[in-house]
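Here's the letter readout for the chains.
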Amino acid sequence: MTTATSTAATTWTTTRGPLAQAASMTARSLASIRHQPAQLVDYLMIPMMILLSITFFMGGQMMGSWQAFLDYAGPTLIAMGLFFAIVSTGLGLFADIKTGVFDRLTAMPVSRFALLAGRVAADMIKHLWALLIVGGVAFAIGYRADGGVLGVAGAAAAVMLFLFASSWSMALVGLTAKSEEQIQTWMVSLLMPLAYTSTMFVEIETLPGPVQWWARVNPLTALADTMRVLLAGETPGGEALALLGWCAAILAVFVPLSLRAYRRKLTS
Amino acid sequence: MKYAIEVRGLVKSFGEVRALDGVDLGAAPGTVLGLLGPNGAGKTTAVRVLSTLSVPDAGSARVLGLDVVRDAAKVRERLGLTGQYAGVDAGLSGAQNLVLIARLLGASRAQAKARAHELIERFDLAHAAARPAGGYSGGMRRRLDLAASIVRRPDVLVLDEPTTGLDPTSRSGLWEVVRELVAEGTTVLLTTQYLEEADQLADSIAVIDSGRVIASGTPSQLKQAVGGLVLRMRPARPEALQQLAELADWTVGAAPRIENDEVAVPVAHPGEATAVMARVVQAGTDLAAFGLHEPTLDEVFLSLTGHRTEQKEEVAA
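Chains as they are written, first to last, in the UniProt record's numbering: chain A, 1 to 268; chain B, 1 to 317.
Warning: the hint list may mix true and false statements.
Quick look at which bits of chain B chain A covers, simulated, 3 or more residues with Cβ under 8 Å [as the list claims (entries may be wrong)]:
(1) 49-61
(2) 95-108
Derived DEER-like restraints, expressed as beta-carbon distance ranges [unchecked claim]:
(3) G22/B / E180/A: 47 to 53 Å
(4) G165/B / W129/A: 48 to 54 Å
(5) A126/B / A252/A: 33 to 39 Å
(6) A126/B / P18/A: 29 to 35 Å
(7) E180/A / G165/B: 21 to 27 Å
(8) P168/B / G136/A: 52 to 58 Å
(9) G22/B / S179/A: 52 to 58 Å
(10) W129/A / R153/B: 48 to 54 Å
Since the hints were made in silico from the structure, they are not lab data. What you are looking at is a predicted structure, and each value in this text was computed from that prediction instead of being measured. Glycine included, every Cβ here is placed at the ideal spot set by N, Cα and C.
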């Protein structure tokens with residue numbers, strides 16, 4: 001071990017705010033991709049398999065031909081697959097906390113919000129990557145939007161916004177779960193029923209009576225309807241407002257709850 | 001400010017378990033306080049309270065005069081933590097880990113890189129700087145961890161069992177770095193299960209058992225309390241036993257005992273043992289074997305508490 005004494009200034013006068021700190025944490029999450037590129041495949045597999053398997057294996061029975069089903073449900077299936085992949089935010093935080101890295105970060109003068117937001121933001125970039133790839137696959141197998149590039153961009157923005165909000169609920173799950181299995185269970189017992197009782201890939205009239213009421217207010221219905229309107233090149237209205245309202249509500253509930261759970265978990 | 005670290009009547013329970021049961025500690029600025037105890041004694045809980053990761057049920061803890069609960073944010077500005085589980089990101093390279101910490105602490109990109117480079121050199125990690133920390137050996141990980149906790153030089157550094165599981169070379173390397181930091185004015189709180197480690201580094205030691213401080217003082221005070229070092233010599237010819245004992249008595253006057261085929265000489269410090277050995281060499285007495293024996297933590301405990309160290313699970317916070 002060398003005995004060179006410190007020469008660089010180690011009192012940095014610049015104060016970087018929570019957003020700059022969050023950006024550092026985002027960069028940290030993304031930097032690990034270089035050493036573990038396989039995690040990109042993890043983010044991609046769920047949406048990819050959902051799009052391809054449901055379209056090819058079930059689409060024909062649901063709408064006569066898989067091409068017709070792809071036109072109706074392709075984009076929303078991608079959204080659903082990405083929605084299931086938000087579980088990775090919970091798993092990622094759970095792993096971070098388990099390793100002791102967050103003990104160090106928590107004992108440092110760093111905003112708690114930045115530590116969580118950094119993870120969520122990095123996951124958004126990974127989701128966006130998966131969206132581009134799976135979207136490309138949908139295009140390759142014949143999906144075309146009447147709304148053109150603008151419509152597709154609008155629908156993608158709607159998905160990303162919803163993923164951003166709902167990832168905070170998975171942050172809470174990751175901070176409160178006792179095991180990784182528990183987080184996976186959340187996905188099956190919460191995310192799946194939510195998606196299947198929406199208009200993601202079924203029409204509302206085909207659902208059982210009592211579920212129809214829920215399907216109308218389901219946030220994923222708001223997302224699916226907003227996407228369809230945008231992809232069709234129409235002007236969004238009530239469904240887009242419902243989506244924005246849901247996103248705001250989810251953030252208003254889960255950001256504070258996640259921060260509270262963080263405090264309880266790491267400074268008990 | 002008399003103490004850089006000051007703990008008074010600290011109590012922390014986890015359910016039924018009183019991990020800390022009225023602990024008092026004090027470390028003067030620029031000194032090393034060793035917290036010595038077996039697994040489950042409450043060492044990690046004390047570390048977590050001091051580093052603002054745990055809120056005590058009763059009592060107070062101050063770092064540089066700042067209360068760790070009320071002034072937690074200010075404490076975090078001035079304290080560095082090396083936890084028991086290496087707090088480095090396995091997915092990042094060694095250099096990336098240090099850059100991240102520096103960036104979070106407000107360094108510019110260039111400053112962060114410069115500081116990371118400097119620490120990588122200082123901690124002898126240059127050959128592995130670009131590799132993911134997940135693949136580091138135990139010793140390298142600990143060094144990186146220690147480097148990460150001094151990215152911005154802390155006034156108080158808390159080390160929770162920094163050398164547990166390390167080989168002797170890595171251990172003494174780490175001790176060297178801790179000594180350098182203390183020489184630069186850092187106050188250190190160090191927990192350890194090894195009496196030798198506390199002896200090597202600490203200016204004062206608090207022995208902790210079942211959440212209570214059962215003894216405290218300087219290393220030599222503590223060793224005197226438990227019997228201190230013993231020099232054992234076995235002459236090549238048994239006839240020389242008496243002569244050896246007289247030589248030792250004459251040199252250090254510490255009432256040597258003849259035990260079987262050995263002479264056991266209580267000594268206050270290694271220097272006395274060297275003096276005895278020099279005498280023995282001078283007298284031309286052949287030795288079959290000799291050794292300097294320290295009381296083990298187990299013996300310290302036996303002597304202080306009347307019971308042996310129990311292997312309990314460390315209470316997780």
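Consistency of the hints with the structure:
Residues of the stretch 49-61 of chain B lying with their CB closer than 8 Å to a CB of chain A number 5, which satisfies the three-residue condition for coverage. Only residues whose C-beta sits within less than 8 Å of a C-beta in chain A count toward coverage, and the stretch 95-108 of chain B has 10 of them, enough to reach three; the restraint holds. Checked against the given bound of 47 to 53 Å, the beta carbons of G22/B and E180/A, roughly 38 Å apart, lie outside it. Distance hint for G165/B and W129/A: a CB-CB separation of about 39 Å, inconsistent with the stated range 48 to 54 Å.
For the pair A126/B and A252/A, the beta carbons lie near 48 Å from each other, so the given range of 33 to 39 Å is not met. A beta carbon spacing of about 34 Å between A126/B and P18/A agrees with the range 29 to 35 Å that was offered as a hint. Here the CB-CB span from E180/A to G165/B is close to 25 Å, well matched to the stated 21 to 27 Å. For the pair P168/B and G136/A, the beta carbons lie near 57 Å from each other, so the given range of 52 to 58 Å is met.
In this structure the supplied range 52 to 58 Å is violated for G22/B paired with S179/A, their Cβ-Cβ distance being about 35 Å. Range check, W129/A to R153/B: Cβ separation about 39 Å, and the 48 to 54 Å hint is violated.
Consistency with the previously given hints fails for numbers 3, 4, 5, 9, 10, ordered from lowest to highest.
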